[in-house]
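Once you've looked at the hints, dock chain Y with the ligands against the given chain W.
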Amino acid sequence: MARRVVIDPVTRIEGHAKISIFLDDAGNVADAKFHVVEFRGFEKFCEGRPLGEMPGITPRICGICPVSHHLASAKACDAILAVRIPPTAAKLRRLMNLGQIVQSHALSFFHLSSPDFLLGWETPPASRNVFGLAARNPDLARAGIRLRQFGQEVIEILGGRKIHPAWAVPGGVREPLTEEGRARIKAWLPEALASTQAAIQLFRDVLQKHERETQVFGNFPSLFMGLANDDGLWEHYDGHFRFVDASGNVIADHVEVSRYREVIGEAVESDSYLKSPFYKPMGYPDGLYRVGPLARLNVCRRMGTPLADAELERFRRHGRGAVNSSFLYHYARLIEILGAVERIGQMVEDADLLGSHLRADAGINNLEGVGASEAPRGTLLHHYHVSEEGLIRGVNLIIATGQNNLAMNRTVAQIARHYIQATTGEIPEPMLNRVEAGIRCYDPCLSCSTHADGRLALEFELVAADGRIIAHAAR
Amino acid sequence: MAAKTLTIDGQMVGAAEDQTILEAARDAGIHIPTLCHLEGVQDVGACRLCLVEVTGINKLLPACVTKVTEGWEVRTSSERLQRYRRMVLELLFAERNHVCAVCVANGHCELQNLAVSLGMDHVRFDYQHPRLDVDLSHRLFGMDHNRCVLCTRCVRTCWYIEGAGTLNVAGRGEKSKIITDLNAPWGDSTTCTSCGKCVMACPTGALFYRGVTVAEMERDRGHLEYIVTAREKKQWIV
Ligand code: SF4
Ligand code: SF4
Ligand code: FES
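Protein sequences, first through last, are from chains W and Y. Residues in the first sequence are numbered consecutively from 1, following our numbering. Residues in the second sequence are numbered consecutively from 1, following our numbering.
Because the hints were derived from the structure by calculation, they are not lab data. All clues stand as given, with none of them false.
From the derived model, a few chain Y residues whose C-beta atoms are all more than 10 angstroms from chain W:
{"#": "1", "residue": "Ala16"}
{"#": "2", "residue": "Ile30"}
{"#": "3", "residue": "Gly71"}
{"#": "4", "residue": "Arg86"}
{"#": "5", "residue": "Ala94"}
Only part of the chain W face toward chain Y is listed, based on derived beta-carbon distances under 10 angstroms:
{"#": "6", "residue": "Pro50"}
{"#": "7", "residue": "Pro55"}
{"#": "8", "residue": "Gly56"}
{"#": "9", "residue": "Arg60"}
{"#": "10", "residue": "Ala166"}
{"#": "11", "residue": "Ala168"}
{"#": "12", "residue": "Val169"}
{"#": "13", "residue": "Pro170"}
{"#": "14", "residue": "Gly171"}
{"#": "15", "residue": "Arg174"}
{"#": "16", "residue": "Asp361"}
{"#": "17", "residue": "Ile364"}
{"#": "18", "residue": "Ser387"}
{"#": "19", "residue": "Glu389"}
{"#": "20", "residue": "Gly390"}
{"#": "21", "residue": "Leu391"}
For every residue, glycine included, the Cβ atom is placed at its ideal position computed from N, Cα and C.
Bound conformation, chain W alone (with noise of 0.2 angstroms):
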């Protein structure tokens, strides 16, 4: 901690993400570093407190997605008690995980990426934004913004707030779904399923245009890891740990959440403070995964809903076995929206859905308990120790923007690659808006570096052989 301190405000523009590209002897791009701030000590912050103030302290880590957090620790907590939660409640949790999953990507995709591709690379960053998009094509903009609210709707029905809903407890959850409540989501469906598919229709053309996109936006072989149910299906809520590999061979599965330290390891890196997670019977750093939408859906055998099983098919023709090009990140976050929106309408005409057997009532039966779930952004997991008594002794987490950081810079070094060569230390400006792209393929929560209008506050630079910085541009 008081080294971050120290070094930070000489190093970095405050709320500025920061990326270092380096260069070889000849001046071509050899590696590339994003570098992400975790906010760190709050797993000390945790300690002492009762396990039951989890589920309510932790989605206060991240205002980007707190639902996620939420549910996680409500799950970690579950295990704790060592119940299984009513039925309806379970059904409840996964309804507002969905919402979580259409409101997030929603937001993602027309908001803060389709500009990029809808307007073009090359329009200046003032206007590559929501408003410009609402200038061209107010249709568009206006459905992206009615579905993120629609996702956002499912989680205050269910939580009674928007952000930080205080209502996953241990042992199930504290609000019944009302008969209102139901005919509210309900009425929102046929609108939520035609802006996905149009997005989605109008995504597809876009990929014919964007060929060059697609192969140099983080496209590299890698593992992915995501939640699947028993019969492989894709999963957002319950289930086991999934690992294929860039051929979409299927390398380690049924893993169950408890056991995630046999297949994940943390390695933190010299001149990093982010723990770096990797699959461990690979080692580090050949066993990079990356987790997300495009992982899920590499991951998983199908969709398990018939609209987003047939685009799942079109979307496998990208790849063979796996799709590894990170700019399909996109394409997998529409079809997981639609996936999403099929599901919420087959659950709010299940009958369960408004019981009121919401809670599990017990004590501390296990010490230590993991949940984990599928946030937007990748598979989330809370790990917790507590006393005897149900004081918390011990917190790890591992979130999304983690595991996909390696991939991260992965992806920053081939954009960079392509745009610079045998520099004369210069930072070129197309490079520039690749660079922001190619990481917001992966959405990070990066909430602390971003601008007003959307677009991600970022600091370069460039760095020689020897180590010196030879170039520097902010954004």
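Chain Y with the ligands in isolation, oriented as in the chain W frame:
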């Protein structure tokens, strides 16, 4: 019993001679903020939020423990009093760890409500951030010293309503803390009857039912008043 006449905030008020200023004011519909006062147990004048001004008397008087006096002119909400009350609250917030957003009492807390109603929007003192324990050894209840304001409502309730005498105050000044028996874990207490009245009495998130989560700690203080009224007046009014 002789009646006394006085003015409170310019309003003529009649009161019985054994009434406190607080009681007389409340009977007259005049609100004085309180924290350590709890209906049904005797007052100790610990928190100083109920301080009032009386013409001709230099010091401020706590309304909850000051008996009415014939002819007094009492002011309950002068600019000066408001300032002092805010300062009292600031000191309470600075003394321990009040993180309302993740507190079990969030939304149902008397301290928090006072801060809102008295306009305490920031704290000018350095937060002390002491590292204090949470006692979860009791089967049903928890005690979080981080949220305790040492109002002693729980102690008085335990002694004078339940009669168990389990809770007590140990230490002095900022080192004071609520203890059970002779500072044993609550769960080991041989005197605690597990009645839960102290939990009902607590104004903050310091005492809670085990298993409650953020913002879930609501309590019904009506039970305490009901018991006291039933015992003292032989009236069972629900
Ligand atoms: S006890 Fe009251 S004031 Fe203190 S943190 Fe809890 S809600 Fe806030
Ligand atoms: S535990 Fe509650 S009632 Fe007891 S002294 Fe502390 S704040 Fe007051
Ligand atoms: S209420 Fe009078 S001093 Fe606390």
